[in-house]
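Visitor: Here is how the chains run, residue by residue.
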Amino acid sequence: MAFLELTNVRKVFPNAQTPAVEDFNLNVNAGEFVSFLGPSGCGKTTTLRMIAGFETATSGSIVMDGRDITPIRPNQRNIGMVFQSYALFPNMNVADNIGFGLKVGGKSKPEIKERVGEMLALIKLEELGNRYPYQLSGGQQQRVALARAIAIRPQLLLLDEPLSALDAKIRLSLRNEIRSIQRQLGITTVYVTHDQEEALSLSDRVVVMNRGLIEQVGPPFEIYNFPTTEFVASFVGTLNLLKVKVIDPATGAIQVDGQTFFTGRPLVNHAAGETAQIALRPGIVQSRQHGARR
Amino acid sequence: MATTISTAPRRHFSWVWLGLTPFFLFAILFILLPSTSLFIDSFRDGQGNFTLANITGLTQSPIPESYWLSIRISAVTAIFGGILGFLLAYSRASGNLPRWLYPVTLTFAAVASNFAGVTLAFAFVNTLGRTGFVTAVLKGLGLDIYGFGFNLYSFLGLSLTYMYFQFPLMLLIMVPAIEGLKKEWREAAENLGASTFQYWLRVGFPLLLPSILATMLLLFGNAFGAYATAFALTGGRLNLITIQIGAQMRGDVLHNVNLGYAMALGMVLIMAVSLVGYTYLQRISERWLR
Amino acid sequence: MRKVAWVAWIIYIFGILYFVLPLFGTFIFSLQKSRGVLSLSAYQSAFADPKFLETFLFSNVMAVCTIIVSLLLVVPTAYWVQLRVPSWRPAVEFVTLLPFVIPAIVLVFGLIKTFGRPVTIFGVPVFPALTTSALSTDFLLVMAYVVLSLPYMYRAVDNGLRAMDVRVLTEAAQSLGAGWGTILWRIIIPNLRSALLSGALLTFAIVVGELTIATFLARPAFGPYLALLGNHKAYEPAALTIISFALTWLAMGLIDLVTRGSKRGPLTGAH
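Chains as they are written, first to last, in this note's numbering: chain H, 44 to 337; chain B, 2 to 291; chain U, 1161 to 1431.
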């Protein structure tokens, strides 16, 4: 049984014409890193907020670790969340921010101190425990936010576009750091992003969403190389769309401009002689000298 | 106004500050000059010789008592007005009230915080005076407040009157401050296991505290400098420092104008201290709530 | 959650009662001039006093003059600070805060002291005494009111300027060949309309009922008239209180109307 199960989740905001999320079905395994990828307004953040408990699903169920969490209040869910805007408490220093969840959870002072020390070591900011958020860079702030979310030993970690407020260089290094911390702790993680590169490089599986619906779920390789819908094909990576004629679905033979090519796998749902569309990644196109065979 | 601007040279950047000349000229003539001349003459006697007699004169009865009364009444109305105003702003933010009440509250507050002076004094005489409306209603209910020793022309009475413009001013400033608390802070706290109460105790309220205290200092100054309301309500019956200065100017008492200047100087100093505190707290608040 | 809602309601009702009762009490009182019946005779009698019209008119003229001077002083300054001399902002803002430190009673004391006799610099007279004629005293009165309204006017205008991109608008206008006068008059001021109007209305609310400065400069303003009326009449002051309350309400309502949707400016004056 999967660790996190979302079944037929649907969310309609009051006064909204169309549902924000619809027919959302997904199972996330324990320790898995899953990304929700899609353009803004596609429902990925809404889904994340429903898992965290900040939004209530209009219908459907969300089960975590065998227990339906839909009626549970957000402060009882034991889910860690990292926000796009960091959301560090400005009146507390780094150590107090990280220890906040433990403090309100009634943990003892030495226990909090020890855990905060561990967390500071994990994010490599041991020296900065006494600093205040406004004295930190954006990248440091987001690492503190990550440590704060992990400190409570959550069963599930949610990250809502954690890198989008940072500049490109820091984004890359923090991305790797997030992944390595996640691997180290083996914590089940859901990651929301509109950046396909982030989603593809971080995740075990990617959920591509558009207009409140799931377009495709699969490992990054599959999403990139075998998109099942035109939206996924065009949203993930750059590509060229070409009209082709299917020659033999069983062998994957197609014809472009009178020349025959092979797609490398059988073409299901297509009949011989039918006109179809192929998406061609620019990165795989190689030019060879005329006469050389492919 | 166009002439002021056009006479400022366009390319010679070292001269662009000339555009501010009218403003600073005004400030020097009508703010700086009057206050420095008060300052200087606080250290002079009637013949223009240097003396500290006016400053030492401030320690003679009833002047210290007047300062103390003004400080007490300002502090009391700032604290209670501040608490009531904050609670109102908080109740408003809790979101349990009918929708039409939200904009109306702010207009109410704007009106009430500007409704001070002679008219406010009259309104309270008609309400809590000996024959006032509320006094009569309470008497009808068997509660004779004047029988219990209440008097509108007393410390309590004037405090209640000042409260009328104090709490709406607090409300007016606290509403945007509370709205400035980011939704994410609340969600982050909740996500980490905090209850609503714990959120307010450890995050929301501490974040607002500098702004609350700063606004209370503003209320303090607001009451401390008030003259019209107190004069219209009590005449000379309460020895506030503003009333004392007014009496000096009228030449009613003592007839030592230079002592009056020293009293005014003392007021300015107290106001300056509270403004420095206000600016300091405001800076902390801005750093946090940016 | 229910408990919170209850507490919120109780606090709100207390606040509303605090606000409404004095007005209601005054209103009821103002209707009782004729014994036994409720009537508007206190209002008729208050309006019938020629002194009322005279002082009320005087205060309104003073308010209009204050608004004009204040705008002429504040708008170009705030614009210039925003556009060309942002390094002067702290100094200008410091000056606009000074009226908070100097209460009205101290201000008028200092003004009388300074301008009650000819102003001299090193023995050379540069200014005649201003308190000698009615007109020059009125000038002093207006200047004092400009000082009182300075913090509010400056903040209203500054907020308005910050809400638009002054630099881009100015440069765009310059690149199209506009001079400074045209830029201020045709571009900046029309975009500032709601800020200017709210600053003006607030100034109006501060000035019309003002007592302290008008009293000590001995000018026939509405505030001192009302205070005097309170000494020997009962119902008429109540009627005029209601009237001036209605005027304050009108001013604030108008500010509300013109600033709707934009960020709220400072809606309060000095006491």
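Everything labelled a hint here was simulated from the structure, so no lab data went into it.
There may be inaccurate statements among the hints.
Now the stretches of chain B that chain H is said to cover, found in silico as 3 or more residues with beta-carbon under 8 Å [to be verified]:
1. 174-187
2. 243-249
Capping the alpha-carbon separation at 30 Å, the derived lysine-lysine pairs in BS3-like fashion look like this [said to hold, decoys possible]:
3. H:Lys146 with B:Lys140
4. H:Lys167 with B:Lys183
5. B:Lys183 with H:Lys150
6. H:Lys152 with B:Lys184
7. H:Lys146 with H:Lys156
Over the 10 Å line for every Cβ pair with chain U, so calculated as not near, a few chain B residues [unchecked claim]:
8. Phe27
9. Thr120
10. Thr235
Just so it is clear, CB atoms sit at the ideal spot from N, CA and C, and this is done for glycine as well.
Visitor: All hints, please: hold or fail.
Guide: Structure-based check of all given hints:
Here the region 174-187 of chain B counts 3 residues with a CB under 8 Å from a CB of chain H, which clears the bar of 3, and the coverage holds. Counting residues of the region 243-249 of chain B whose CB lies closer than 8 Å to any CB of chain H gives 0, so the stated coverage by that chain is violated, three being the minimum. The hinted pair formed by Lys146 (chain H) and Lys140 (chain B) fails the criterion: a straight-line CA distance of about 53 Å is larger than 30 Å. Under the criterion of a C-alpha separation no larger than 30 Å, the hint pairing Lys167 (chain H) with Lys183 (chain B) is consistent with the structure, at around 28 Å.
Taking the CA atoms of Lys183 (chain B) and Lys150 (chain H), the gap is about 27 Å. The hint holds against a cut of 30 Å. Note on Lys152 (chain H) and Lys184 (chain B): the hinted pairing holds, with a Cα-Cα distance of about 28 Å set against a maximum of 30 Å. Between Lys146 (chain H) and Lys156 (chain H) the alpha-carbon distance is near 10 Å, which keeps this suggested pair within the 30 Å criterion. Consistency note on Phe27 (chain B): stated as away from chain U, yet its beta-carbon is not over 10 Å from all of that chain's, at 6 Å minimum.
The beta carbon of Thr120 (chain B) is not kept farther than 10 Å from every beta carbon of chain U, the shortest such distance being approximately 4 Å. The claim that Thr235 (chain B) is not at the interface with chain U holds, since no C-beta of that chain comes within 10 Å of its own (minimum 12 Å).
Consistency with the previously given hints fails for numbers 2, 3, 8 and 9, ordered from lowest to highest.
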